[in-house]
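Peer 1: Just so you know, the sequences run in chain order A and B. Quick note, our numbering runs 849 ahead of the 1-based positions in the first sequence. Quick note, our numbering runs 6 ahead of the 1-based positions in the second sequence.
Certain hints may be false.
[Claimed, not checked] Facing chain A, from chain B, some residues (calculated, C-beta under 7 Å): (1) Ala84; (2) Asn127; (3) Leu146; (4) Thr175; (5) Glu179.
Keep in mind that the hints were calculated from the coordinates and are not lab data. Glycine residues also receive a C-beta, built at the ideal position from the N, C-alpha and C atoms.
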Amino acid sequence: MIKSSITFFVLSVLFTRLIFAQAGVSLTALPPDEAKEYAKPLATFLGSYFNSGGYYSANLPKEFQFKFSIIGSYITIPKSQQTFKPNPGIAGYENLEETATITGSKGNVYLGSQGFISYPHGFDIASLPSGIYQAAGSYYGTELLLRFFPKIKVSDSETGFWGLGVKHSISQWIKEPPLDFSVQLMINNFNFEYVGNNPKDYVKTDSKNFAVNVHASKTFNNWFIAYGGFQYESSSMDMDYYFRDPNELYPQLADRVLSTNIKGSNNFRITAGGAIKLSVLVLNVDLNLTSQFTLSSGLSIQF
Amino acid sequence: MKRIINYNAAFVIAIVGLFSTSCDQFENVFLNLPIDKEITASGSGPDIFERETICFTDYDSFNDNAEDIEEIKYVTSAFFTINATAGLQGTGIIATLYQGDGVTPLFSFTMPSAVADDYKNNPLKLTLNQQQIDLLNNYLANYKTNNCFVAELRVANVTGTSGPPYSITGKFEMVVELQIKL
């Protein structure tokens, strides 16, 4: 619990830093359309993260069952998400070479009719660990899953998180099914807001993540569970930020709070994994083929 | 902003280390910092020139991170004409960058064309040789004291279809990369 909380906290802090650590040419120094492309892997990462770990079995008993899980994920960012083709929308700056996204490496500098336009460097991140905890209770083949982290203030920023999932066993309605299978819906929301005194540092983000899946499992000898599923998922991040315009190319947008919506690349996910039941303890590991390949593992207490 | 970075740095490096063996990317962050200065040189000739001082301390990006900067490196620079006396030209248009003392030159660049209008809406990248880049980077190595430059714009043996007096306003731009410790 403590470790998981810390992990979540790390994510919050990382997020804080991803947004704030670059006071020069940074995410918040880009106009909305470019900020969207630059930060897309971050929105995708949050989707990959929050849409993981929803299940390790499709079996839901009719009697009451409670689960508490700590889930760790290791998310890899593909090369294709390390760069993007900038389009600053200013005459004299067309057909530019690719530059780093927030997870990429070198931010490029381009010379056009009005001088230099500088793009931010990325954080050179090929993979990121993350963690979360969750509790779930089920009755009559229907499960309610909860994730929650209270709003906390870290220095000049405030961050919080909640998630909700509903799962229903379909196989309970079928006589002697060869497999257990269920459907599940999850929503997860992560917020971050700068609450300090400098209006020029203002950033507010709201990450919304949605997933719906169908998954199946088979339990062998009452201790090993093989499971897999197919999931449709989406992620989006609303962002309000103070735009400083260090390149001095967008005077009409400069020095005010702008808004944008960043859609992640999350669409479909295929999951395959295994779990071992040791009395009330369950250990599980699964592989997730999605926009950002994810290895997820969990430790659960189930009774 | 700096406080946020400092406050969080210990958490990030220590705690991320628990989960990842490769946290190098969290030790430093790199920022591009574009700096620029408009310079207006005017007079009757034969040479017209003007100097302006550029300091990193004029930029939030530098001031916000000043205590955590580990290194500053030269990336690139350019010059373009904003406006000039009609037909202004000379035997050379020269951009020179000096150390903050205004005496010690870091580099001097003579534009390939001495016609001011050739650089209107058409910036010229100042391509420096390795020796000039090294000189600049050596100066920037002591950025705490060496955080100002003096930029000079000069037109030698100026002529124009109108004037004297002659006048040229140009912009000198430079991008440096800040390495910031987290």
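Peer 1: Double-check Thr175 (chain B) for me: the hint is only fine if its C-beta lies closer than 7 Å to a C-beta in chain A.
Peer 2: Result: violated, 14 Å to nearest chain A Cβ.
Peer 1: Please check whether Ala84 (chain B) passes as an interface residue: C-beta within 7 Å of a C-beta belonging to chain A.
Peer 2: Since chain A brings a Cβ to about 6 Å from Ala84 (chain B), closer than 7 Å, the hint holds.
Peer 1: Against chain A, with CB atoms and a cut of 7 Å, does the hint on Glu179 (chain B) hold up?
Peer 2: holds (5 Å)
Peer 1: Can we keep the Leu146 (chain B) interface hint, with Cβ of chain A closer than 7 Å?
Peer 2: violated (15 Å)
Peer 1: Report holds or violated for the interface hint on Asn127 (chain B), using the least CB-CB distance to chain A and a cut-off of 7 Å.
Peer 2: holds (5 Å)
Figure legend: structure checked against the earlier numbered hints; hints not met, in rising order: 3, 4.
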